[in-house]
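Undergrad: Now for the letters of each chain:
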Amino acid sequence: MNKEHHGAVRTNRTALFLERVMGVAMEPETRAQQEAGQILVENATLPLSTASPRILSTDSEGKSRSSEGESLHSDGKSVLKNLRETSQARIHRSERLFQGTLRVGGFFVLALFATVLGVSIVEAWPSISKFGWSFLWTSTWNPHRQIFGAWTYIVGTFWVTGIALLFAIPIAILSSLFLSDYSPKWLVGGVSTLMEMLAGIPSIVFGAFGIIFMVPLLRDHVEPFLANTLGKHWDFFNGDSMGYGILAAGLVVGIMVIPLVATVTRDSLVMVPRETVEASYALGSTKAEMVFFVKLPAVVPGIIGSVILGFGRAIGETMAVLLLIGNQASIPTSIQDVGYTISSLLANTFTYAVIDPLYAAAEIELGLILLVISLVVNTLGRELLMKLMGGRLAGSVGGG
Amino acid sequence: MAENILPEKGLSSYRKVRNALLGSLTAVAFILAVTPLLAIVYIAYDRGKAALSLSFITTLPGGFPIGIEGGIANGIVGSLILILLASLLSVPVGIWAGLYLWDQSHTRMAKITRLLSDLLLGVPSVIWGVVGFFVFSTNTGFGFHWGFSGLAAGLTLGFIMIPIVTRVTEQALRDVPRSYIEGALALGASRFQVVRGLAIPAAITGIGTGILLGVLNVLGQTAPLIFTNYYNTGIPTSLVGSNGSVGDLAMQIFIYIHEPSKALHVKAMAAALVLTVIVLLLDMGIRLLAWGSRKYAQRMG
Amino acid sequence: MNIVKRTAGLALSLAIVSVLSGAGTARATDLTISGSTMLFPLEQVWANAYMKSHPGVHISVASTGSGFGISNAANGNITIGASDAYLTKDLRTRYGSLAAIPVAFDDTQVIYNIPGVKKSQLLRMDGPTLARIFMGKIKFWDDKSIREINPDVHFPHQRIKVIHRADASGTTFVFTDYLSQTSKEWYDEIGRDLSPSWPVGSGYNGSDAVVAAVMATPGAIGYVGLGWINEYHLSSMALKNLDGYYVVGSVKTIQNAGKAALHDPSFPDDFNRSIVWNLHGKDVYPDANFEFWMVSTALPARTMLEVKKMVIWALTKGQQEKYTVKTGFAPLPFAPLKPRLNKILNRLLPGNSMKIESGG
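Residue numbers (the numbering used here), protein chains in the order written: chain G, 1 to 400; chain F, 401 to 701; chain Z, 702 to 1061.
The hints are simulated quantities; they were obtained by calculation from the structure and are not laboratory data. Hints may contain errors.
[Claimed, not checked] With a straight-line Cα cutoff of 30 Å, these simulated BS3-like cross-link-like pairs (lysine-lysine) come out:
#	chain 1	residue 1	chain 2	residue 2
1	Z	Lys953	Z	Lys1010
2	Z	Lys1044	Z	Lys790
3	Z	Lys1044	G	Lys232
4	Z	Lys941	Z	Lys790
5	F	Lys662	Z	Lys1023
6	Z	Lys1044	Z	Lys941
7	Z	Lys838	F	Lys662
8	G	Lys295	F	Lys511
9	Z	Lys1039	Z	Lys820
10	Z	Lys1023	Z	Lys1044
11	G	Lys185	F	Lys662
12	F	Lys511	G	Lys387
13	Z	Lys1010	Z	Lys1044
14	Z	Lys983	Z	Lys953
15	Z	Lys845	G	Lys232
16	G	Lys232	Z	Lys838
17	Z	Lys1027	Z	Lys1010
18	G	Lys130	Z	Lys790
19	Z	Lys790	Z	Lys960
20	Z	Lys790	Z	Lys1039
21	F	Lys449	G	Lys185
22	Z	Lys953	Z	Lys838
23	Z	Lys753	Z	Lys1027
24	F	Lys662	Z	Lys941
25	G	Lys287	F	Lys416
26	F	Lys449	F	Lys695
27	F	Lys662	Z	Lys820
The whole structure should be built from the sequences, with the hints applied where relevant.
TA: Spelled out as structure tokens, the structure:
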């Protein structure tokens, strides 16, 4: 993504602006000088620290430059800071007012975060104070008797997430290897764009696809097949062949996660230095050896980061899971079992649970657990990728 | 290229086989990754095409069970209302916060704000639903007491959009070269003048991209609507209060796909196709915007 | 300075918001009915008819589950909350201001999908066996206890797949009420609830999804209201009633159930009891229920007047067969209900109840 190039066009606009607004007509020389100076400054622009895969199409030149940009930028920043400090005393009152006004904008974000956390904690408090930590590992959930425990739902959530990632990660990583090293060049741009675009399909459409297509497929073909082959030896693969269940939910969520993991992995694959690749060839590796034993190990942190992001996306998934998982509060013992996730429980029963303060509080505490897990996971993934990529990162927002 | 320097001769057959196997493995994985995604679009088209027509988009659902006749006009109108409301909240706030993060990026406060804004990106949509329920919908305790309404849902979606718009705005602003800003400041422009006359015009494409990105992200959201709006088979006369809920395309798919009726499944898939097409068009818009500004930049530069 | 700015910003946004909400609440003739998925079909038909005959009134109807209807009518989020479940003692103490108005009869029926068993074949079921199936204690369709009740049916050796509701549902309440009344095991272990903790099976969001899942899953058993049975031409089981008769649910048999209940002197005036247990008679379906509209007595007087008009319309003209029977409900037997209804309506708007002159 050549965000850096944006600078050039602004040169003219700056000149225009200065002429128009400030009544300062720039000398042609000044303008030229600024344009010349622009090249340096272009490198000094801050790297993209977050943007979605949708607006980030990657190119290697841009990336290799970003690390240089960082160091240059830090110089620029300190200069700016000095400037700011020395001129602080003379800053006009209206300037401060303006900065104060801007601060209100930041304050909104802080307030929003406080609202999210505050509402969750305050509303969950009756349950937190009543059940304490044991809420986490109690598996009884009985609104009638006012006993609530999260364990079943936590397990169900991790089952679905686990199946999704087990399915998605190998496919995503291998296909990103294909795109970075094997595919014909003409295919790469189009296909990765396509993948990123398809990643934007709303999760309800995935859910509908699951009901229309995945459930009958699993019920009539895949699950009986599993039971007849692997199921003969391991009960883990046996079951009722309902179609609905953790397998259906996991697979569909997996399909949703693939583009994210693949895009981020590919972004880090592109960053493997050409020297490494060539050194590997020089030592006589075959292509596969280079790709799998040199390139792949080099991007392990990136892969971990992408997996963590995928995890964050999968764990909060609601609608597709709700439609497919079979919504039964029991701990799955087989791949064909039904289950329940935190998010689908909330979507199913929350508006009723408000009828009873403790019931509602218990559901919100479940939500709080989900919130904490996804916050931790997303932070981890982001930090890891930020470090790895010098601040460039494909972000994701949990789908509905 | 790399392929040419491969030492083709003298490889043991094991290595040759392994080379070929691993290579084709990636190709298989690639096909496995792309097929389901394309299949979703294809199946939505294949199963939904019977219901597609102009009137499908322009008529309200009717018949019994409701939806068996008519189309998805309520969903389209409702989704538009929701997006509009969400943008009304999130665009000003997001740009504002983005400006703050950019202008005072070095301060500790801004760093914390940036971190929290990033964290907000990772909040699961059910949590947004719960928050929206307590802040906007429910009539007990604090909050706005709007009942299940379009306004409640729209602003909840706006909450989801805020961190997206904030982040992308800040990013777009950062891409404006510092030298311009400093130059303008040195020439005596006030900060407000710089922001209004220089920074925002320069970053406007990026900000637009951010807004579209936010819209894209909230367009298919269903979970928060379960908590704040639910669904309406008609077009409401108000957006607030117990009678203010609007229809929504995603919710409509959710409701139709439940039904045992095959006819409603067809409608659901057609609606899914419409939603997907809207999303893909928006996505393309974002890409064109980014690509166009790049081209423009290159030409001018 | 900053603080001033901040407060100013907040005040501004608050002002905008309050203007918006003010504009929204200005219409007094808007009514919202939300709740029970069971009652939803009837409400749609009613709303259309009512809006036609009462220009200026706008009614929006949503199916959100009975639990939602009760809690949000009590909280004032919606004007009328629809529910299949009556107000239990718990709810009455929590929401003292809520009045439950019976508006129609419905029932919960057991549907199934057993490969090899014809639709025309009548399956019989009693409470204890049904409870054991839904508890996962009976696992196969050719279980001895099922065959004993149905000696003339040949069952395949097929696993039973229990299908239940995942959302909080009045249908579930009525169904578990029947099980609790007839099976001690069920009563002790699970009990009656809109959203009980199901020991086995898989859950789906809405009656529609239950029907879809049962139709698609060989070996499935589930439960839905009469409306769904009619709409999708499903076959349902004959349930054993108190006198030992096996009765299939239909408009007629559930109306019989209602009459039996209303003629029972012990049936409470405020309808705070299910009608599944006090059923004597040959053609009386054992799992029928009233459908309720929950209205908060704390509504503002003007809204209340509109609500009451609507309620009275629903109880009179609304009971015509073109509305009720067509959508799978039984009309209320009006005469025995009248004194009780008047009492309830009196609670809504004191001194104005005698407007009901005749039943539909």
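Undergrad: Evaluate each hint against the coordinates.
TA: Structure-based check of each hint:
no.	hint	in the structure
1	Z/Lys953 - Z/Lys1010	holds, 28 Å
2	Z/Lys1044 - Z/Lys790	holds, 19 Å
3	Z/Lys1044 - G/Lys232	violated, 65 Å
4	Z/Lys941 - Z/Lys790	holds, 28 Å
5	F/Lys662 - Z/Lys1023	holds, 26 Å
6	Z/Lys1044 - Z/Lys941	violated, 34 Å
7	Z/Lys838 - F/Lys662	violated, 34 Å
8	G/Lys295 - F/Lys511	violated, 34 Å
9	Z/Lys1039 - Z/Lys820	violated, 40 Å
10	Z/Lys1023 - Z/Lys1044	holds, 28 Å
11	G/Lys185 - F/Lys662	violated, 44 Å
12	F/Lys511 - G/Lys387	holds, 16 Å
13	Z/Lys1010 - Z/Lys1044	holds, 16 Å
14	Z/Lys983 - Z/Lys953	holds, 12 Å
15	Z/Lys845 - G/Lys232	holds, 27 Å
16	G/Lys232 - Z/Lys838	holds, 24 Å
17	Z/Lys1027 - Z/Lys1010	holds, 23 Å
18	G/Lys130 - Z/Lys790	holds, 24 Å
19	Z/Lys790 - Z/Lys960	holds, 24 Å
20	Z/Lys790 - Z/Lys1039	holds, 24 Å
21	F/Lys449 - G/Lys185	violated, 35 Å
22	Z/Lys953 - Z/Lys838	violated, 33 Å
23	Z/Lys753 - Z/Lys1027	holds, 19 Å
24	F/Lys662 - Z/Lys941	violated, 33 Å
25	G/Lys287 - F/Lys416	holds, 10 Å
26	F/Lys449 - F/Lys695	violated, 37 Å
27	F/Lys662 - Z/Lys820	holds, 20 Å
Hint check: violations occur at hints 3, 6, 7, 8, 9, 11, 21, 22, 24, 26; the rest are consistent with the structure.
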